[in-house]
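Let's have the full structure, built from the sequences with the hints guiding it.
One line per chain: the protein sequences are A and B, in this order.
At position 273 of the first sequence the residue is numbered 273 (our numbering), and the sequence of numbers has no breaks.
At position 301 of the second sequence the residue is numbered 301 (our numbering), and the sequence of numbers has no breaks.
Check the hints yourself; a few may be wrong.
Identical copies carry no separate label here, and so any pair may be met within one copy or between two of them.
With a straight-line cut-off of 25 angstroms between C-alpha atoms, the simulated SDA-like cross-links for lysine to any residue are [as the list claims (entries may be wrong)]:
hint: 1; residue 1: Lys-284; residue 2: Arg-30
hint: 2; residue 1: Lys-15; residue 2: Pro-91
hint: 3; residue 1: Lys-196; residue 2: Leu-271
hint: 4; residue 1: Lys-15; residue 2: Arg-54
hint: 5; residue 1: Lys-196; residue 2: Ala-275
hint: 6; residue 1: Lys-284; residue 2: Val-306
No lab work stands behind these hints, which were simulated from the structure alone.
There are 2 protein chains.
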Amino acid sequence: MRESRAIGIDIGGTKISIGLVSESAAVEGRLTLPTEPEAGFAEAMQRVVEGIERLLTSAGARADELAGIGIGCAGPVHPGTGTIHNPFTLPGWEGASPVRVLEDAFAVPAYLENDADAALLGEVHAGSARSFEHVVMFTFGTGVGGAALVDRRIYRGTNGEHPEIGHIPVDSSGPECYCGVRGCLESVASGTAVTKAGQALGLADAAEVFERAKEGDPTARSLIERVVVAVAAAFWTALHTFMPEQVVFGGGLMERQFEVFAPALRERARLAERAWGQRFLFSKAELSNEAGMVGAAFRALRPEEVA
Amino acid sequence: MRESRAIGIDIGGTKISIGLVSESAAVEGRLTLPTEPEAGFAEAMQRVVEGIERLLTSAGARADELAGIGIGCAGPVHPGTGTIHNPFTLPGWEGASPVRVLEDAFAVPAYLENDADAALLGEVHAGSARSFEHVVMFTFGTGVGGAALVDRRIYRGTNGEHPEIGHIPVDSSGPECYCGVRGCLESVASGTAVTKAGQALGLADAAEVFERAKEGDPTARSLIERVVVAVAAAFWTALHTFMPEQVVFGGGLMERQFEVFAPALRERARLAERAWGQRFLFSKAELSNEAGMVGAAFRALRPEEVA
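Structure (structure tokens):
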């Protein structure tokens with residue numbers, strides 16, 4: 001019997017990745033499009049539909065053979081209604097339903113998740129969360145996302161809403177965030193936040209801040225130290241709320257800089273083990289920038305695993 | 001048909017409350033014993049067994065008519081094995097099983113929960129969480145406990161462990177906690193923490209700090225302001241991790257001082273509603289110091305509602 005396959009889509013503020021993914025997590029085809037949110041939702045979705053058609057043609061596959069289409073999208077999104085509500089990075093798309101557009105175009109089931117939940121599903125099925133039942137994942141990129149796996153299912157709050165773990169407070173004297181509070185994780189430890197703090201020191205971007213810190217520059221070091229303390233605090237919060245066995249650190253910033261954070265995380269894991277008498281693990285994400293796309297495909301391949 | 005009844009027990013570091021509780025949450029009998037943890041587990045349990053026998057006799061009830069016995073206990077505890085692991089306030093009782101003792105003595109099912117989970121069950125069945133599916137509860141007393149209700153079930157982490165929400169970081173420059181980190185909720189906002197900070201100012205205890213702050217004393221006010229900011233941060237963390245519809249504030253400190261915290265909580269709830277487009281409620285616990293005992297009884301009356 002042939003393996004089931006699904007389309008996985010990862011919609012970010014600047015680009016959209018689409019892949020044809022098999023049950024064994026093989027990506028049999030992939031392409032990337034610009035998001036151009038300002039050109040509107042309808043135009044973006046037209047490009048997505050054409051992209052899927054191209055992928056299916058190259059793979060010699062037909063839409064009616066697909067298990068479905070999964071979409072991971074920069075949140076907030078409403079998984080229950082399949083609609084987007086993200087005025088921050090997808091302005092003008094509020095209330096739009098990629099689920100409806102894709103179900104109409106391809107006559108297979110479609111599913112919408114926020115990008116952090118999709119990335120976690122990718123790590124659950126093909127990465128560093130494969131053998132765990134209780135996991136928290138953070139994704140550090142332009143923003144900071146977070147998701148939890150509980151009893152092997154994606155965690156949902158009230159009304160099926162996804163958590164917003166990127167906005168937990170970690171630094172009481174940190175900068176103001178757009179969410180309305182001071183010093184939440186995203187405002188201190190996102191790529192954007194590190195770049196902004198670095199530019200105030202005359203550095204080009206987050207990469208240069210990390211570079212200078214490694215070279216021993218004291219101002220850059222103290223900036224990075226503050227980011228490390230914030231991430232360690234977020235790790236501590238994850239352990240003491242969801243009580244997971246594994247915490248995964250993903251996103252572009254962690255892909256490049258995980259080793260800068262690992263010693264502080266190791267110390268926190270040891271402290272928590274001593275206090276509560278159980279083992280806490282953490283690791284770098286394995287799928288790098290394809291976690292969201294692969295995970296979105298698994299949303300369609302394993303619809304029963306999400307509440 | 002007669003209502004089902006159960007025994008609910010709340011074991012704290014200084015006292016043990018025992019009640020005979022009906023399905024309609026009526027407390028048909030109650031008594032309180034000293035814990036005296038230093039006299040050992042066996043002696044304490046002997047007093048508990050005698051206390052239950054007295055309660056049953058006064059109510060004209062027989063043990064074999066009980067739905068069971070629920071125990072809420074100052075954690076960490078392991079609900080799965082029914083054993084206590086709390087070197088902090090019940091030293092010397094590590095590994096002891098009140099479940100085994102009570103099942104042997106009364107031949108009915110017994111259940112162990114940590115005290116925060118028991119208090120939440122009390123509020124769920126008879127208090128301020130009655131009509132909600134997704135709830136976080138904080139209990140502010142000698143320490144700070146926390147528990148979550150998810151899809152109307154008590155939240156469990158890996159291996160069935162309860163969260164330790166009292167130890168989420170809320171004040172990056174706060175005092176060192178016994179858990180090993182600086183500025184966790186318990187180290188800033190427990191009754192013990194407020195008393196300790198007050199004593200450093202020459203005040204007798206937490207009650208006097210709140211009293212002086214209300215009278216306008218600037219030092220007491222700034223201490224209380226710091227506690228309020230910490231509690232508001234914990235509220236924000238609860239909203240952004242579990243995404244509950246209702247957050248309940250219980251424990252002795254909140255029973256007396258909830259109104260001091262309410263304006264800051266109201267502001268945070270409004271901010272979160274604006275950011276995520278959904279409603280967040282909060283309220284004072286309704287059952288005051290009987291929440292744990294009543295909730296423990298409901299653990300036995302509704303065993304199917306806990307994972």
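Hints, one by one, checked against the model:
Taking identical chains as interchangeable, the C-alpha atoms of Lys-284 and Arg-30 lie at most 25 angstroms apart only when both belong to the same chain, with a minimum of 24 angstroms there against 52 angstroms between chains. With identical chains, the CA atoms of Lys-15 and Pro-91 are at most 25 angstroms apart within one copy only, with a shortest distance of 15 angstroms there and 56 angstroms across copies. Proximity of Lys-196 and Leu-271 under a CA criterion of 25 angstroms is satisfied inter-copy only: 24 angstroms between copies versus 32 angstroms inside one chain copy. In this homomeric assembly, Lys-15 and Arg-54 come within 25 angstroms of each other (Cα to Cα) only inside a single copy, at 17 angstroms, whereas the closest approach across copies is 70 angstroms.
In this homomeric assembly, Lys-196 and Ala-275 come within 25 angstroms of each other (Cα to Cα) only across copies, at 22 angstroms, whereas the closest approach inside a single copy is 37 angstroms. When the C-alpha separation of Lys-284 and Val-306 is checked against a cutoff of 25 angstroms, the pair qualifies only within one copy, where the shortest distance is 23 angstroms, while the shortest distance between copies is 33 angstroms.
Comparing the model with each earlier hint shows no violations; every hint is respected.
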